[in-house]
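Novice: Given next are the chains, with one letter for each unit.
There are 2 protein chains.
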Amino acid sequence: MTSDQLITQNTITHFFQDLQDRICQALVDTDRAVGPQLTPDFREDTWQRPGGGGGRSRTLSGGNVIEKGGVGFSAVHGEATEATLRSLNLTEPAQFFATGVSIVIHPHSPMVPIIHMNVRYFEMSSGHSWFGGGIDLTPHYVVAEDAHWFHQQLKTVCDRHDPAYYDRFKPWADDYFYIPHRQETRGIGGIFFDYLKPDSPAHKADLFAFVQDVGNAFAPIYTHFMRQNQSIPYGEREKQWQFQRRGRYVEFNLVWDRGTKFGLETNGRTESILMSMPPQANWTYDFRPEAGSREEETLGLLKKGNNWAN
Amino acid sequence: MTSDQLITQNTITHFFQDLQDRICQALVDTDRAVGPQLTPDFREDTWQRPGGGGGRSRTLSGGNVIEKGGVGFSAVHGEATEATLRSLNLTEPAQFFATGVSIVIHPHSPMVPIIHMNVRYFEMSSGHSWFGGGIDLTPHYVVAEDAHWFHQQLKTVCDRHDPAYYDRFKPWADDYFYIPHRQETRGIGGIFFDYLKPDSPAHKADLFAFVQDVGNAFAPIYTHFMRQNQSIPYGEREKQWQFQRRGRYVEFNLVWDRGTKFGLETNGRTESILMSMPPQANWTYDFRPEAGSREEETLGLLKKGNNWAN
Numbered sequence: 042m043t044s045d046q047l048i049t050q051n052t053i054t055h056f057f058q059d060l061q062d063r064i065c066q067a068l069v070d071t072d073r074a075v076g077p078q079l080t081p082d083f084r085e086d087t088w089q090r091p092g093g094g095g096g097r098s099r100t101l102s103g104g105n106v107i108e109k110g111g112v113g114f115s116a117v118h119g120e121a122t123e124a125t126l127r128s129l130n131l132t133e134p135a136q137f138f139a140t141g142v143s144i145v146i147h148p149h150s151p152m153v154p155i156i157h158m159n160v161r162y163f164e165m166s167s168g169h170s171w172f173g174g175g176i177d178l179t180p181h182y183v184v185a186e187d188a189h190w191f192h193q194q195l196k197t198v199c200d201r202h203d204p205a206y207y208d209r210f211k212p213w214a215d216d217y218f219y220i221p222h223r224q225e226t227r228g229i230g231g232i233f234f235d236y237l238k239p240d241s242p243a244h245k246a247d248l249f250a251f252v253q254d255v256g257n258a259f260a261p262i263y264t265h266f267m268r269q270n271q272s273i274p275y276g277e278r279e280k281q282w283q284f285q286r287r288g289r290y291v292e293f294n295l296v297w298d299r300g301t302k303f304g305l306e307t308n309g310r311t312e313s314i315l316m317s318m319p320p321q322a323n324w325t326y327d328f329r330p331e332a333g334s335r336e337e338e339t340l341g342l343l344k345k346g347n348n349w350a351n
Numbered sequence: 042m043t044s045d046q047l048i049t050q051n052t053i054t055h056f057f058q059d060l061q062d063r064i065c066q067a068l069v070d071t072d073r074a075v076g077p078q079l080t081p082d083f084r085e086d087t088w089q090r091p092g093g094g095g096g097r098s099r100t101l102s103g104g105n106v107i108e109k110g111g112v113g114f115s116a117v118h119g120e121a122t123e124a125t126l127r128s129l130n131l132t133e134p135a136q137f138f139a140t141g142v143s144i145v146i147h148p149h150s151p152m153v154p155i156i157h158m159n160v161r162y163f164e165m166s167s168g169h170s171w172f173g174g175g176i177d178l179t180p181h182y183v184v185a186e187d188a189h190w191f192h193q194q195l196k197t198v199c200d201r202h203d204p205a206y207y208d209r210f211k212p213w214a215d216d217y218f219y220i221p222h223r224q225e226t227r228g229i230g231g232i233f234f235d236y237l238k239p240d241s242p243a244h245k246a247d248l249f250a251f252v253q254d255v256g257n258a259f260a261p262i263y264t265h266f267m268r269q270n271q272s273i274p275y276g277e278r279e280k281q282w283q284f285q286r287r288g289r290y291v292e293f294n295l296v297w298d299r300g301t302k303f304g305l306e307t308n309g310r311t312e313s314i315l316m317s318m319p320p321q322a323n324w325t326y327d328f329r330p331e332a333g334s335r336e337e338e339t340l341g342l343l344k345k346g347n348n349w350a351n
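Top line first, the protein sequences correspond to chains A and B.
So the first sequence is numbered by the working numbering: it starts at 42 and just counts up by one.
So the second sequence is numbered by the working numbering: it starts at 42 and just counts up by one.
Honestly, I wouldn't trust all of these hints.
Because identical chains cannot be distinguished in the list, a pair is counted as satisfied if it fits within a single copy or across any two copies.
The list that follows gives simulated cross-link-like pairs (lysine-lysine, DSSO-like), each with its CA atoms no further than 30 Å apart [claimed, not checked]: (1) K302 - K344; (2) K238 - K302; (3) K302 - K345; (4) K344 - K280; (5) K280 - K302; (6) K344 - K196; (7) K345 - K196; (8) K238 - K196; (9) K238 - K345; (10) K280 - K345.
These are computed hints drawn from the structure, not numbers from a lab.
Throw the hints in and build the complete structure from the sequences for me.
Specialist: Okay, here's the thing in structure tokens:
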């Protein structure tokens, strides 16, 4: 697509819907290739939003690598809420349109990281429009080499579009995926961006090309970790640590994640919003890893400002 | 205590601290009596609040009946937050004092209910003061007979103090312990009350006597269920249902419970606030119980407005 083509709602919607298809296929193919004894299945639910539009929620379970995963697509529209109008300084009623793809994958193995990806586009009848999204990784055990590789992939995507993007979107992810009440980041971050507003049709095409690249980067990145980490041995101790870390994932999503909170408070489709929940999470009062353990080392790395790409 | 005695901060604090002791003793004694093979232990953490005051958090684990429980006491004071001052229409800085006991018990057996109790007192240097609290029950399987007995106990406590209390505080619990995004109540409710403001020393003594009665009702009520339900047989199906219901408990506490949210957002002691988390919770996409099953029957009873006391 060249920069001077007109990017319409339909163009973006069709890209996102196709992205969902391609990602699901890549996940299933890799899950089968890595361990052919189980055949994972996607369950698909298509749903209508009472106020306008709908979506297609796909959930994967029973895989060799993936224990519980959700890949959601939606394209919804309707009357903008009071809060949206206020945030845009609009005094008249307006219509909104929003489309996007959201993914969270929880693997069986604590040696394979949890991943989250979101790409989205928002448009108002008043003419305002913007893109948002990001990819972030939550390893149960942080491995510096993997963190470096992951951030390098994201930096490469960013650099193709704007040399300033990575340095802007990487700290944004550190700030967004932060759990204040634990003083921990959710994982090793990644990139996060929002309100990328086009100021011309050509700029809109550029922003869309970037968002497409982010979406397309998901499958190669995560299938790399599926293949590379699936065979790493682990035992009961690592499983217990995984359950504790998943507890933190739940705490972040339910207490701090703006998207989850907004969805639950505005009567969104609960099962689609909570596709991000892990299959099992544990809480132990005041759990502290042993001094000098790999678990303690991981906790020490769940901080903002690590320059993983270097 | 007669109604014309002066109720001071110290009187209330000492009652709450002693209540924590007595409840812990009753829980441990009953847990041992019901199944003497395990000796449950309370771990005690005393903590100081940087801004003033502190608390004593006790957590029980490894019991015969109780899998994970927390019984917290705190008495804290300091500068009131802007939000508190605003809610009281105060324009000058003021000091607050708050003390209370909070309990959540998660049993091993899905046939024994989860219980929550809180009693609290709040006072401002401006002269404002109030009591709050309540007890509510979250059975994994709702049994009408047990629900009736539980609400009768609470109604009896209420009726001793004011014949209007139960009819006021029972719906308040229905409204408070509600999960809008699931359109379910958390459990079978109970009583909930807040901002009970004394308008005279005698009234304060009356309100305190009621709050004492609520606190004292906890141990007899819960130890009744511990003894009665512990020996009811169950299998893997009931355990899986318990894990799903605990997921709902997590959702309520992290998304909707004002106390939890306030604590986490204002830099409270995280481990004490999250003592309410279950030892293990599971999420399954779009989990639906079989038609005609006991699980489905329970879902049908998790509604506001059930007249359990009748």
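Novice: Determine for every hint whether it applies to the structure shown.
Specialist: For each hint, the structure was consulted:
no. : hint        : in the structure
1   : K302 - K344 : both (24 Å within a copy, 23 Å between copies)
2   : K238 - K302 : within (24 Å within a copy, 33 Å between copies)
3   : K302 - K345 : both (23 Å within a copy, 23 Å between copies)
4   : K344 - K280 : within (23 Å within a copy, 37 Å between copies)
5   : K280 - K302 : both (29 Å within a copy, 29 Å between copies)
6   : K344 - K196 : within (19 Å within a copy, 50 Å between copies)
7   : K345 - K196 : within (17 Å within a copy, 52 Å between copies)
8   : K238 - K196 : within (21 Å within a copy, 58 Å between copies)
9   : K238 - K345 : within (27 Å within a copy, 45 Å between copies)
10  : K280 - K345 : within (26 Å within a copy, 39 Å between copies)
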